[in-house]
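Chain residues, written in single-letter form:
Protein chains: 4
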Amino acid sequence: MANPLSEALRDLAVGNRMCANEGVLDAFGHVSMRHPDNPNRYFLSRSRAPELVSPDDLIEYDLDSRPVREPGVPQYSERVIHGEIYKARPDVMSVCHHHAPAFMPLLATGTDYVPVFHLGSVGGVRPPFWDQHDEFGDTNMLVIKPEEGASLARALADYPMVLMRRHGVTAVGVSVKDCVFRCIYSTRNAEYQSQALAIGSAIASLSRGECDLAAKINTSTTGLTRAWEYWWMRLERAGLMVPAARAVAAAGKSRAAAGKAPARKAKAAKAAKKSRRR
Amino acid sequence: MANPLSEALRDLAVGNRMCANEGVLDAFGHVSMRHPDNPNRYFLSRSRAPELVSPDDLIEYDLDSRPVREPGVPQYSERVIHGEIYKARPDVMSVCHHHAPAFMPLLATGTDYVPVFHLGSVGGVRPPFWDQHDEFGDTNMLVIKPEEGASLARALADYPMVLMRRHGVTAVGVSVKDCVFRCIYSTRNAEYQSQALAIGSAIASLSRGECDLAAKINTSTTGLTRAWEYWWMRLERAGLMVPAARAVAAAGKSRAAAGKAPARKAKAAKAAKKSRRR
Amino acid sequence: MANPLSEALRDLAVGNRMCANEGVLDAFGHVSMRHPDNPNRYFLSRSRAPELVSPDDLIEYDLDSRPVREPGVPQYSERVIHGEIYKARPDVMSVCHHHAPAFMPLLATGTDYVPVFHLGSVGGVRPPFWDQHDEFGDTNMLVIKPEEGASLARALADYPMVLMRRHGVTAVGVSVKDCVFRCIYSTRNAEYQSQALAIGSAIASLSRGECDLAAKINTSTTGLTRAWEYWWMRLERAGLMVPAARAVAAAGKSRAAAGKAPARKAKAAKAAKKSRRR
Amino acid sequence: MANPLSEALRDLAVGNRMCANEGVLDAFGHVSMRHPDNPNRYFLSRSRAPELVSPDDLIEYDLDSRPVREPGVPQYSERVIHGEIYKARPDVMSVCHHHAPAFMPLLATGTDYVPVFHLGSVGGVRPPFWDQHDEFGDTNMLVIKPEEGASLARALADYPMVLMRRHGVTAVGVSVKDCVFRCIYSTRNAEYQSQALAIGSAIASLSRGECDLAAKINTSTTGLTRAWEYWWMRLERAGLMVPAARAVAAAGKSRAAAGKAPARKAKAAKAAKKSRRR
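These protein sequence lines are chains A, B, C and D, in that order.
All residue numbers for the first sequence refer to my numbering, where the first residue is 1 and numbers rise by one.
All residue numbers for the second sequence refer to my numbering, where the first residue is 1 and numbers rise by one.
All residue numbers for the third sequence refer to my numbering, where the first residue is 1 and numbers rise by one.
All residue numbers for the fourth sequence refer to my numbering, where the first residue is 1 and numbers rise by one.
Worth flagging that the hints you see were computed from the coordinates, not collected in a lab.
Computed from a predicted structure; not experimentally measured.
One should not assume that every hint holds.
Listed next, the in silico PhoX-like pairs over lysine-lysine satisfying Cα-Cα at most 25 Å (straight line) [claimed, not checked]: (1) C/145 / D/216; (2) D/216 / A/216; (3) C/145 / C/87; (4) A/145 / B/216; (5) B/145 / C/216; (6) B/87 / B/177; (7) B/177 / B/216.
Based on the sequences and whatever the hints tell you, model everything.
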């Protein structure tokens, strides 16, 4: 029933909500996805907290971050982060810009990120820093101009993420799921790294060899599937699942099962619809 | 249907609850609002935990912090904080006094607050400290006397907030929403700053230029709207939304929609009413 | 309908649950109350996690910590803590023994507790330490023998609490509410103090004069009432309120109101009853 | 009605979920159990997040970690951790491999674990470290080959747990409950120890004598029962209880009670069944 694009858009909405539910995003930040059928387009929500994003909120952009159709709703001011990275990195299918609390001590002190456990390998060893002030002087710190986005994309180079001094992080992935996994586990790693630094001893990083091998295994095995199911279930329990996704899921069940759909599901869907209406 | 004042009072009650739900307030602390039509009056709840405040709890005060009508219920002992600041700062429309845990390490050590990321700009660069002991010697630390409130207001000067040694914080805003936004994001920033200091490196502050620009953009763009919607949704999910607000919201819907109001809403309203009755 | 003793026992059960819900107690620790009509008796739950304690679980003890009636259920092994303190301190009406996480860094390092904000005054300035090893050598660390309890009581002297090295804290109060308030806010203060120490600067304590004044105001004003209402509401929202208390509350309402008791209440009561049965 | 094996398998599923609900496990990690009737077999879930594990997910393995029957579903890649430990340690009836956040600062810095309070005694004094790199060079950090598992088991020796540098922890027990208790309280202790180290003073460990005595009392008294009831209740309140366990529990009640089974229970069971189906 559901076509591949609408399933992908649902996953993008779910990915936004997962990142919020797992402590990577709050009222700010966003996850985007390159159009699966058109590499010159990407999808990003209208301006709203990621925890509230539904497929209906997704706007289609060209790589200059201009909406393909006038959306008639407020848009994120920092969308050039996404467009400029999709231009520079043909391999990238998903981008997340966030301000995860766990990264802030590193960003405020200019401390290099290193993977302190195998799952932290998704962030790489010592990914690059970017400081907007270096090239653009005093700004409001937001990445709004195309040249600011392009500068950030150059700093990212071919790394899996770039740390933005006194601001946040931008991470990429070969899929929405890969990007979400990277954001969540690099955030966990950043937290562990800061706590390790707080106890004042020298900390051990994975070697580059270990990091390369661990980063590969994490995406090629069942680990990604397992984690996605777990975060999905947590979203559901928090009453935060994308309503459309729930409808799709319900449609996939036997008529009998659908007939006795749990009240919690209907309520969550209603609540989500209501918040969408606001 | 709802008049502007009653909507403003609802927002004030909601703002109290948001600050509680987002970790700024607990059993103590309070958010007030200047009367939108009478600059010589302000509204503040009767003495109760901010998470429980409803529009019915709001008391109207003159700027000497005397209730306009005898309320017949216990009042906050520290209300002069609000009155004296409204006297001294005609631009201020809302005041929040709080003891957010994240600020405590700064207040206990006398460490200057600096914005370590763009959203932390709402607190300003190195806002002033005030120590009640300097002028008043040993007290119970509460700001109860008019002269104590006036002293605090002098320390605040034209800053967005003032840090109270071994006590808490008082922040102001041009609206309830602005004040709530300032309290929540300065609290986030204080947390990040302490964690950064714990890892022992020199921390980077936004420059004054960056801070001024960032503080402006945060209130003039869609950011405030986005965050308010987010915190509102979180209040609702926590079962903490102001009952009156829910009623108003329901009234704004089509009759059909109102007819099938979710059970959760009714339950939450009932629960809130019950706790009000206690 | 409810007599004073049964109301007091309900408050004791509620106090146990509040301490659990506010992060002071987990599976272990306990709050007791001296018999309001007989200073030679006290009440303490049978052996179970404090979050599950109901009035039915409370056992009456003499001051040698022998049950007045054979309870026929497992008892806490550390009850001499309570009995020996009631013997030594006639002013004490309630005792709480806990292992709040926030205190652990102080207990593990032997760092003196100091009030870093006004509400922390409830713990006093530099309350005494007690180390079971000093007098009793290697033990299993539990305070089980009468002489161990008596030793702890001597260390407590006339302080509001005593810190037990590599173990936990024992705090007292003039009522269950006072004791609960002391435990919760001294725990908050311990958290702030540790975080302040982690950023490496000298920390400021309230002076003894400030501490005495602040500790007084906290119990003599509306603060205690306000906090109790807040914690009570949080217990209810967590589905953890004592069932008996709910029944009592329901009885106090009009018949009509009782007739439409919210489903959540019934469910919570049922859940609690079930867990009691286990 | 329920036979001993099916009760044991239910406890194993419950133990997985408890460790998840108490912050020891997230999407990764796993708890296993030796077959109670056949020391050459053990049970471990198919590859899925431990919070979702049901008795139906459990696979029976021989000690070479080969499934007794082809399961037809993805399996954990690190199951040799369990098999090799069961081979080397006949006294061990349960194994848990985890990456609890609280341990990460110790693992990243190579800091010895020491019990800083009596319940931390379950982890022992200075349990051994194991570094996969020492023997196997650059790997993806996962313990997949039998010789890697055997190496880890040798490092564990007769300790209650082994710390895996830049990876996680593996702990054992004489029963599932004992193992779960060890994992949860050693995790709490690790958190307190790190926080103590962050405030920069020398920290006090239990002496070996105290540790031995405390570790004994924790398993031989009512403490284990009390804690298990508490974690069970918390699982239920989180809507995470194993569905089969609920059915068993319901069966044990009177028909009348079963007739008015709370809606929450049915809903949770339905939700769990649904997630199982995914």
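For this session: Enumerate the violated hints, using their earlier numbering and listing them in ascending order.
Result: 2
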